[in-house]
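**Q** Sequence:
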Amino acid sequence: MKIFTKVLETELPQGAASESISLSFDDRKRGRLKIITDNGNDAGIQIERGQVLRHGTVLTNDANDYLLIMASNEKVSTAYVENKTLFARGCYHLGNRHVPLQIGEGFLRFQEDYVLDDMLHGLGIHVKHEEAPFEPENGAYAPGEGHSHNHGHSHDHDTDGHHHGHSH
Numbered sequence: 001m002k003i004f005t006k007v008l009e010t011e012l013p014q015g016a017a018s019e020s021i022s023l024s025f026d027d028r029k030r031g032r033l034k035i036i037t038d039n040g041n042d043a044g045i046q047i048e049r050g051q052v053l054r055h056g057t058v059l060t061n062d063a064n065d066y067l068l069i070m071a072s073n074e075k076v077s078t079a080y081v082e083n084k085t086l087f088a089r090g091c092y093h094l095g096n097r098h099v100p101l102q103i104g105e106g107f108l109r110f111q112e113d114y115v116l117d118d119m120l121h122g123l124g125i126h127v128k129h130e131e132a133p134f135e136p137e138n139g140a141y142a143p144g145e146g147h148s149h150n151h152g153h154s155h156d157h158d159t160d161g162h163h164h165g166h167s168h
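Per the working numbering, the sequence shown runs over residues 1 to 168.
The set of hints was computed from the structure by calculation and includes no laboratory data.
In this text, all values refer to a predicted model and were calculated from it rather than measured experimentally.
Glycine included, every Cβ here is placed at the ideal spot set by N, Cα and C.
Some clues are possibly wrong.
[Claimed, not checked] Cut-off 20 Å, straight-line C-alpha distance, at most; resulting in silico cross-link-like pairs (DMTMM-like, lysine to aspartate or glutamate):
#, residue 1, residue 2
1, Lys84, Asp117
2, Lys75, Glu19
3, Lys84, Glu105
4, Lys29, Asp117
5, Lys2, Asp62
6, Lys34, Glu11
7, Lys75, Asp117
8, Lys75, Asp26
9, Lys128, Glu74
10, Lys6, Glu74
11, Lys75, Glu135
12, Lys75, Asp65
13, Lys128, Asp65
14, Lys6, Glu48
15, Lys29, Glu105
16, Lys75, Glu137
17, Lys29, Glu48
18, Lys2, Glu19
19, Lys2, Glu48
20, Lys29, Glu112
21, Lys29, Glu137
22, Lys2, Asp65
[Stated by the list, open to error] Derived Cβ-Cβ restraints for the label pairs, each shown as a range:
#, residue 1, residue 2, range
23, Met1, Asn83, 27 to 35 Å
24, Glu9, Asn39, 22 to 30 Å
25, Glu105, Asp62, 23 to 31 Å
26, Asn64, Ala132, 30 to 38 Å
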């Protein structure tokens, strides 16, 4: 089984055979994944956690195997908004909820979520459910990655279930 362990930083070599796989956004942010390529071969992805594989990313390994990553269609809510103020208001309210959000030319897109659909509807923004590739903005959803601003809550409380009253 081929295991793909790193992102190719250069162009795919001329004539190099590559496998391909279409993955949802949730799978493209996992880092560890067993897959069946579009050619029907078992393979694995094992890359550094916190990296999101964008559509068109090529993964490789020490054996110089190549895997093209594509964004598959998935259930999304898309709001097409002409009015710039309304568009900005939609971005603001979705951003406040820290949801992965794709911002395109005149549209907002997020993974299908009826609560968010209703919130936008309340602002006067109408949402369409469709199957489309989902490529959200970089950054907001990588926990601990380059995330230094303080949200006013302390991080010294224990949340992992360890170190309760034990002396070290």
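**Q** If a hint holds in the structure, say so; if it doesn't, say that too.
**A** Each hint tested on the structure:
1. Lys84 <-> Asp117: OK: Lys84 and Asp117 at ~19 Å, within 20 Å.
2. Lys75 <-> Glu19: Violated - the C-alpha atoms of Glu19 and Lys75 are around 25 Å apart, more than 20 Å.
3. Lys84 <-> Glu105: Satisfied, since the Cα-Cα distance of roughly 11 Å is no more than 20 Å.
4. Lys29 <-> Asp117: Given pair Lys29, Asp117 is violated - Cα atoms ~24 Å apart, limit 20 Å.
5. Lys2 <-> Asp62: This hinted pair holds, its Cα atoms lying about 10 Å apart.
6. Lys34 <-> Glu11: Cα-Cα ~25 Å, so violated.
7. Lys75 <-> Asp117: Given that 20 Å is the threshold and the Cα spacing comes to 13 Å, the pair holds.
8. Lys75 <-> Asp26: With Cα atoms ~12 Å apart, Lys75 and Asp26 stay inside 20 Å; holds.
9. Lys128 <-> Glu74: holds, 13 Å
10. Lys6 <-> Glu74: violated, 25 Å
11. Lys75 <-> Glu135: Between Lys75 and Glu135 the Cα gap is close to 13 Å, so the pair holds against 20 Å.
12. Lys75 <-> Asp65: Not satisfied, since the Cα-Cα distance of roughly 31 Å exceeds 20 Å.
13. Lys128 <-> Asp65: Violated - the C-alpha atoms of Asp65 and Lys128 are around 39 Å apart, more than 20 Å.
14. Lys6 <-> Glu48: Holds. Lys6 to Glu48 sits at ~8 Å (cutoff 20 Å).
15. Lys29 <-> Glu105: Distance ~24 Å between Lys29 and Glu105 Cα, so the pair is violated.
16. Lys75 <-> Glu137: holds, 17 Å
17. Lys29 <-> Glu48: Holds: Lys29 and Glu48 sit about 10 Å apart, inside 20 Å.
18. Lys2 <-> Glu19: holds, 10 Å
19. Lys2 <-> Glu48: holds, 17 Å
20. Lys29 <-> Glu112: holds, 17 Å
21. Lys29 <-> Glu137: Measuring from Cα to Cα gives roughly 13 Å; hence the hint holds.
22. Lys2 <-> Asp65: Since the Cα atoms of Lys2 and Asp65 sit roughly 8 Å apart, the hinted pair holds (cutoff 20 Å).
23. Met1 <-> Asn83: 27 to 35 Å: violated, 51 Å
24. Glu9 <-> Asn39: 22 to 30 Å: With a Cβ separation near 24 Å, Glu9 and Asn39 satisfy 22 to 30 Å, so the hint holds.
25. Glu105 <-> Asp62: 23 to 31 Å: violated, 40 Å
26. Asn64 <-> Ala132: 30 to 38 Å: holds, 33 Å
When held up to the earlier numbered hints, the structure conflicts with 2, 4, 6, 10, 12, 13, 15, 23 and 25 and fits the remainder.
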